[in-house]
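Those protein sequence lines, which keep their order, are chains F and D. Position one of the first sequence corresponds to residue 1 (our numbering), numbered consecutively onward. Position one of the second sequence corresponds to residue 208 (our numbering), numbered consecutively onward.
Honestly, the hints are just simulated from the structure, not real lab data. We put the beta carbon where it would ideally sit given N, CA and C, even for glycine. The reader is advised that the hints may include incorrect statements.
[Said to hold, decoys possible] Rough simulated footprint, nothing fancy, chain D against chain F, three-plus residues with beta-carbon under 8 Å:
1. 9-22
2. 34-45
3. 87-95
4. 98-105
5. 187-194
[Claimed, not checked] Between beta-carbon pairs, the in silico distance windows are:
6. D:334 - F:23: 44 to 52 Å
7. D:221 - F:84: 22 to 30 Å
8. D:258 - F:3: 29 to 37 Å
9. D:225 - F:59: 31 to 39 Å
10. F:38 - D:391: 43 to 51 Å
11. D:314 - F:114: 28 to 36 Å
12. F:59 - D:338: 54 to 62 Å
13. D:212 - F:51: 35 to 43 Å
14. F:95 - D:437: 49 to 57 Å
Chain by chain, the residues:
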Amino acid sequence: MTALQQVAADPYPWPWDGAPDPRRLVLVAAGWDQHWQARGIDAPLIDDVIARLARLVIDVGGECTWIAHELPARAPAGLPAPTPLARPTGATGPLLTAAGIDAYCGSALDALLRRTGRDQLLIVGHGLEGPVHSTMRSANDRGYECLLVIGASSALTTDAAGSAVASVTMSGGIFGAVAPLAAVERSLGAAPTHPDGDAVPTSEEDR
Amino acid sequence: MSHTTFGTVDADPYAWPYDGSIEPARTALVCIDWQIDFCGPGGYVDAMGYDLNLTRAGLEPTQRVLAACRSAGIHVIHTREGHLPDLSDCPPNKLWRSQRIGAGIGDAGPCGRILVRGEPGWGIVDEVAPIEGETIIDKPGKGSFYATELDLILRTKGITHLIFTGITTDVCVHTTMRDANDRGYECLLLSDCTGATDVGNYEAALKMVTMQGGVFGAVAPSSALIEVLEA
């Protein structure tokens, strides 16, 4: 099993209690359905990034979880069924359905992660300000140690995305930490795909 | 108790609520974390060095909204973030992060132990204090639903519509509004009754609510609500 390095993340090296542990590491892909993929900026590019990262996580001994979301419906007609995306080639892990935009809402995610002892979460997916953020917030309140991977989540808007990242890092990491994809790849023992890319957006330039 | 039904509020991106009228018996004003720790001198946020004016800006409009909602017979619910005195409900990473920035949960601060239930700094500021008969929810996290009795109380009372005030916009208010929306509650956030430690994050949080036709509900200034309740 590969020895992993702590991720160079903001506002603290992730995870908080030392190096990532392959037995505790899990990639959580939120917004893994056609609705959110269709709304994500650069979604095809993000799909490729998530596919590579998922295979890397599996290679080092981690797991992956994929979540499709029913949509909260204001009309009493009921919840539309989501159309999940396929898992990327070479990636494994359960495909769950959540009853809301938060992957924990009405899903088996919490029970699954507790049962399998996975509490170090790499958060990725479609809809940075939507499913990805709701899921990270819920995970953090439940005590999971979360890392939002920049460059592995598709944004819904260009102007709110920077704040979605910045709000994670406020107050010493109020929902966890953020890191560029390259930093995560390095910590998992892989050569970064784009060593100079994936910069963490600064709050100033994205507002 | 009034049994009047009120019309819709001029909100963004749609006239709120979606189902055409405000029924006080089915509606609650949820005031989130107006605690000394977050908006009072010497509290947690003050100890972290943020500008208190940003979190206090919504207090005055919230006072007016509280008066209007109480008079209209709308339920009022207050929330407080805080941990048990032995910190047994505080995740270790949350504790570590707070210590790392010099505002350790459970540490002695100018208003008692930081973010601990029962301490002076954990109390709600006088300006928007609860009155007899109003519900108070104590929560260990940012969201008001996780590990609390809020959902059960709302369902028991038959409350389906929620109006939000409180701090901070991008953290506890947004998390609670997202959770409420996922659970099927129809949500309105009052833009001038909330604030954050960072103006950009406040503005982005308001915008995120209104994305995609109101993905988490709607946003309106408090004047638009008060106009409807006092019409």
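The hints, checked one at a time:
For the stretch 9-22 of chain F, the stated coverage by chain D is satisfied: 4 residues place a CB nearer than 8 Å to a CB of that chain, which reaches the threshold of 3. Coverage of the stretch 34-45 of chain F by chain D is violated. Counting CB-CB distances below 8 Å, 1 residues qualify, and the rule asks for three or more. Residue count for the stretch 87-95 of chain F with a Cβ under 8 Å from a Cβ of chain D: 0. That is fewer than the three needed, and the coverage hint is violated. Note: the stretch 98-105 of chain F has 5 residues with beta-carbon separation from chain D under 8 Å; the three-residue rule is met and the coverage holds.
Using a Cβ-Cβ cut-off of 8 Å, 0 residues of the stretch 187-194 of chain F lie near chain D, which falls short of the minimum of three, so the contact claim is violated. Checked against the hint of 44 to 52 Å, the C-beta distance between residue 334 of chain D and residue 23 of chain F comes to roughly 50 Å, which is consistent with it. Range check, residue 221 of chain D to residue 84 of chain F: about 29 Å between beta-carbon atoms, so the 22 to 30 Å window is met. At about 44 Å, the beta-carbon gap between residue 258 of chain D and residue 3 of chain F misses the expected band of 29 to 37 Å.
Distance hint check for residue 225 of chain D and residue 59 of chain F: the Cβ-Cβ separation is about 47 Å, which falls outside the suggested range of 31 to 39 Å. At about 24 Å, the CB distance of residue 38 of chain F to residue 391 of chain D disagrees with the hint of 43 to 51 Å. Remark: the range hint 28 to 36 Å for residue 314 of chain D to residue 114 of chain F is upheld by a beta-carbon distance near 30 Å. Checked against the hint of 54 to 62 Å, the C-beta distance between residue 59 of chain F and residue 338 of chain D comes to roughly 59 Å, which is consistent with it.
Residue 212 of chain D and residue 51 of chain F have their C-beta atoms about 52 Å apart, which leaves the hinted 35 to 43 Å range violated. The hinted range of 49 to 57 Å is satisfied by residue 95 of chain F and residue 437 of chain D, whose Cβ atoms lie roughly 51 Å apart.
Violation of the numbered hints given earlier is confined to hints 2, 3, 5, 8, 9, 10, 13; the remaining hints are satisfied by the structure.
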